[in-house]
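Number of protein chains: 2
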Amino acid sequence: MSEPLAPGSVIGILGGGQLGRMLSVAASRLGYICHIYEPSAAAPAGHVAEKLYTAPYEDEAALRAFAGGVDVITYEFENVPTSALDLLESLKPIRPNRRALAISQDRITEKTFLNGLGLTTAPWAEVNSEADLRAAVEKIGLPAILKTTRLGYDGKGQARLNTPDDIAAAWVAMAGAPAVLEGFVAFEREVSIIGGRGADGSVAAYDPGENVHREGILRTTTVPAKLSPAQRSDAVLLAAKILNALEYIGVMGVELFVTRAGLVVNEIAPRVHNSGHWTQAGCTVDQFEQHIRAVAGLPLGDGGRYADVVMENLIGEDVEQVPAILKERAAQLHLYGKGAWRPGRKMGHVNRIVKG
Amino acid sequence: MSEPLAPGSVIGILGGGQLGRMLSVAASRLGYICHIYEPSAAAPAGHVAEKLYTAPYEDEAALRAFAGGVDVITYEFENVPTSALDLLESLKPIRPNRRALAISQDRITEKTFLNGLGLTTAPWAEVNSEADLRAAVEKIGLPAILKTTRLGYDGKGQARLNTPDDIAAAWVAMAGAPAVLEGFVAFEREVSIIGGRGADGSVAAYDPGENVHREGILRTTTVPAKLSPAQRSDAVLLAAKILNALEYIGVMGVELFVTRAGLVVNEIAPRVHNSGHWTQAGCTVDQFEQHIRAVAGLPLGDGGRYADVVMENLIGEDVEQVPAILKERAAQLHLYGKGAWRPGRKMGHVNRIVKG
Chain A
43 MSEPLAPGSV IGILGGGQLG RMLSVAASRL GYICHIYEPS AAAPAGHVAE
93 KLYTAPYEDE AALRAFAGGV DVITYEFENV PTSALDLLES LKPIRPNRRA
143 LAISQDRITE KTFLNGLGLT TAPWAEVNSE ADLRAAVEKI GLPAILKTTR
193 LGYDGKGQAR LNTPDDIAAA WVAMAGAPAV LEGFVAFERE VSIIGGRGAD
243 GSVAAYDPGE NVHREGILRT TTVPAKLSPA QRSDAVLLAA KILNALEYIG
293 VMGVELFVTR AGLVVNEIAP RVHNSGHWTQ AGCTVDQFEQ HIRAVAGLPL
343 GDGGRYADVV MENLIGEDVE QVPAILKERA AQLHLYGKGA WRPGRKMGHV
393 NRIVKG
Chain B
43 MSEPLAPGSV IGILGGGQLG RMLSVAASRL GYICHIYEPS AAAPAGHVAE
93 KLYTAPYEDE AALRAFAGGV DVITYEFENV PTSALDLLES LKPIRPNRRA
143 LAISQDRITE KTFLNGLGLT TAPWAEVNSE ADLRAAVEKI GLPAILKTTR
193 LGYDGKGQAR LNTPDDIAAA WVAMAGAPAV LEGFVAFERE VSIIGGRGAD
243 GSVAAYDPGE NVHREGILRT TTVPAKLSPA QRSDAVLLAA KILNALEYIG
293 VMGVELFVTR AGLVVNEIAP RVHNSGHWTQ AGCTVDQFEQ HIRAVAGLPL
343 GDGGRYADVV MENLIGEDVE QVPAILKERA AQLHLYGKGA WRPGRKMGHV
393 NRIVKG
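Quick note, the sequences are listed as chains A and B, same order. Under the working numbering, think of the first position of the first sequence as 43, with each following residue one higher. Under the working numbering, think of the first position of the second sequence as 43, with each following residue one higher.
Do not rely on the hints blindly, as some may be mistaken.
Since copy identity is lost for identical chains, a pair holds within one copy or between any two.
As a list, the in silico EDC-like pairs of lysine to aspartate or glutamate whose alpha-carbon atoms are at most 20 Å apart [as the list claims (entries may be wrong)]:
hint	residue 1	residue 2
1	K369	D344
2	K369	E359
3	K181	D242
4	K369	E45
5	K189	D276
6	K397	E309
7	K397	D350
8	K380	D113
9	K369	D242
10	K380	E92
11	K380	E172
12	K380	D128
13	K181	D113
14	K189	D148
15	K388	D128
Hints listed in this document are in silico derivations from the structure and should not be mistaken for laboratory results. Note that this is a predicted model, so its numbers are computed, not measured.
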């Protein structure tokens, strides 16, 4: 792909959730058509796409049909199996590239990559046995958290260690999967930066947002974040460093801890990010259009912010607030078309313009 | 329909052009699904809708299938044949109602309705023969314009009369169709007001926009329009009067001439309107979402404007400016997915925020 994608071209999106849904809408604004590939039966993105493939990532025929109908492939979800990606990549370009995916799929690869760029992460150690874990606790200290290196591994995932007595149980909780022990970071606040890199190598970052999590789920993002000018520019430079090192094409979310000693990278997500939803209310070109622009080889849009915004996720029963939200002035509602709420399920979000 | 439409409900849209496309996107934000009915093969709205019916308005089986799959029906296009509407209305609610459609489908009915509300239109006279036309010219004076009472009648439509010598040819140009002679209005500027009325009877109007037409096609809308405070409130009151008189549910566009003697109503459109596209860049809730909110029985959104915007239509070869527009700061581009440009074809629009 050396030329920009012509209007009317088809963008394939792996994953049919709310991110795919908002990507498809953004693509339509630029005159593109989207096809969605999603293993689960319910695919909110399918409501606003020209075509929806409902098939597992192991279905080679479906993957071939999907690839055959599109001009470029992107994703809203980073845990696409390698075998599916290998096949798709042999048929059509994938943006962002495989390296970004590979790095974000494995916590150890990711931390190694970030440290290699001179960026600070939480202290960490690889853990492949209970003995490793004991050594890691010795090195990093407690409290700490043990995580499988790959996400979504059989639904198992994380175990917190407060005392050495927790070691045996934590290791059992990993069910034999490769893991990483991460030390706790004493942070002042959590922020994230949404950066994009175009096919021409240009980089544009949005103003960092300040995030509040509850029970491991993002609740609110507020812009502007409470950051000093130096912290703000550190965040932008750090995002640009990651994007350039990966020769990345698309939008990426970088979660950061703000500490007295500087910014610590928590995690990167090679896709549009929940903490960037505020850009729909505060920017001329939002993160979804920015991602599509990059993937299509168009110039990146201006990332400038023209409003102060608080984005609030509607999680589970929060969706029952919708009738009240619809009556609010200056509240921009986004529902994801997911049917009945379940605890922890992201049902929508609302962007409130607090200063226009 | 006494209850608001539940999320996940299906809205049927008659017409699959750019207005249907942007309505479908707005509906998705509120958690609804859209099905599109469009006779022509190319239907840009189908790119961002769950289902597209491609069938003529005379296809009773297709109309029944369409109605069977939706909870409420709306339209992006006012010239839907009466027979199709009769059938659809027997199956599902149509919003806005039939009366609004009937009025806007016939220039004489429309003018009679508007004058009956005490609103000023251009001077006009009914013309069903050459003799009628001579009498009408006598009464109204020249120059004047002769128009068939119904739009899109065999592609014939309008004839301008500058001198009495034009009478015979003008009547021939109507091909025997009922017509109306309209006197010219000496106007200072053209504006339009986009108003919405909810199922609860509440009314909300956007700030009037100032329109520039060329060759009968809207080129730009600028907000704010150059209007005095009195003219501005006259425009809002006039729109509210029309909406209330029709017990209208949805968004309507009202085109106005600004004259020394006050506002003159040029035309009403019982749907979202090209001159309201600026609301996508200048309001929390744009005209498309406002229409969907009304049709779904939700509370209307706040119509407040938080930016000065110039909307420019991209007509025909204007679309070749897209690469330059993509590089502009503060330009929000909307392409309609229509394929190759043709002279006079609306290909997209751009909203430029001139003061945020």
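Evaluated hints:
1. Within a single copy, K369 and D344 get their C-alpha atoms only as close as 31 Å, which misses the 20 Å cut-off; across copies the closest is 8 Å, which meets it.
2. In this assembly of identical chains, the alpha carbons of K369 and E359 lie at most 20 Å apart only when taken from the same copy (18 Å versus 42 Å across copies).
3. For the homomeric pair K181 and D242, neither the shortest alpha-carbon distance inside one copy (43 Å) nor that between copies (66 Å) is at most 20 Å.
4. Taking identical chains as interchangeable, the C-alpha atoms of K369 and E45 lie at most 20 Å apart only when they sit on different chains, with a minimum of 16 Å there against 46 Å within one chain.
5. Neither within a single protomer nor between protomers do K189 and D276 lie at most 20 Å apart by alpha-carbon distance, with minima of 28 Å and 65 Å respectively.
6. Proximity of K397 and E309 under a CA criterion of 20 Å is satisfied in neither setting, with 30 Å inside one chain copy and 37 Å between copies.
7. Proximity of K397 to D350 under the C-alpha cut-off of 20 Å is found in both arrangements, the shortest distances being 5 Å within a copy and 16 Å between copies.
8. With identical chains, the CA atoms of K380 and D113 are at most 20 Å apart between copies only, with a shortest distance of 18 Å across copies and 28 Å within one.
9. In this assembly of identical chains, K369 and D242 lie within 20 Å of each other by CA distance solely across copies; the values are 13 Å between and 44 Å within a copy.
10. Both within a single protomer and between protomers do K380 and E92 lie at most 20 Å apart by alpha-carbon distance, with minima of 19 Å and 14 Å respectively.
11. Within a single copy, K380 and E172 get their C-alpha atoms no closer than 41 Å, and across copies no closer than 61 Å, so neither meets the 20 Å cut-off.
12. Taking the shortest Cα distances, K380 and D128 never come within 20 Å of each other, neither inside one copy (30 Å) nor across copies (34 Å).
13. In this assembly of identical chains, the alpha carbons of K181 and D113 never lie at most 20 Å apart, being 49 Å within a copy and 62 Å across copies at closest.
14. Within a single copy, K189 and D148 get their C-alpha atoms as close as 11 Å, which meets the 20 Å cut-off; across copies the closest is 69 Å, which misses it.
15. When the C-alpha separation of K388 and D128 is checked against a cutoff of 20 Å, the pair qualifies neither within a copy, at 30 Å, nor between copies, at 41 Å.
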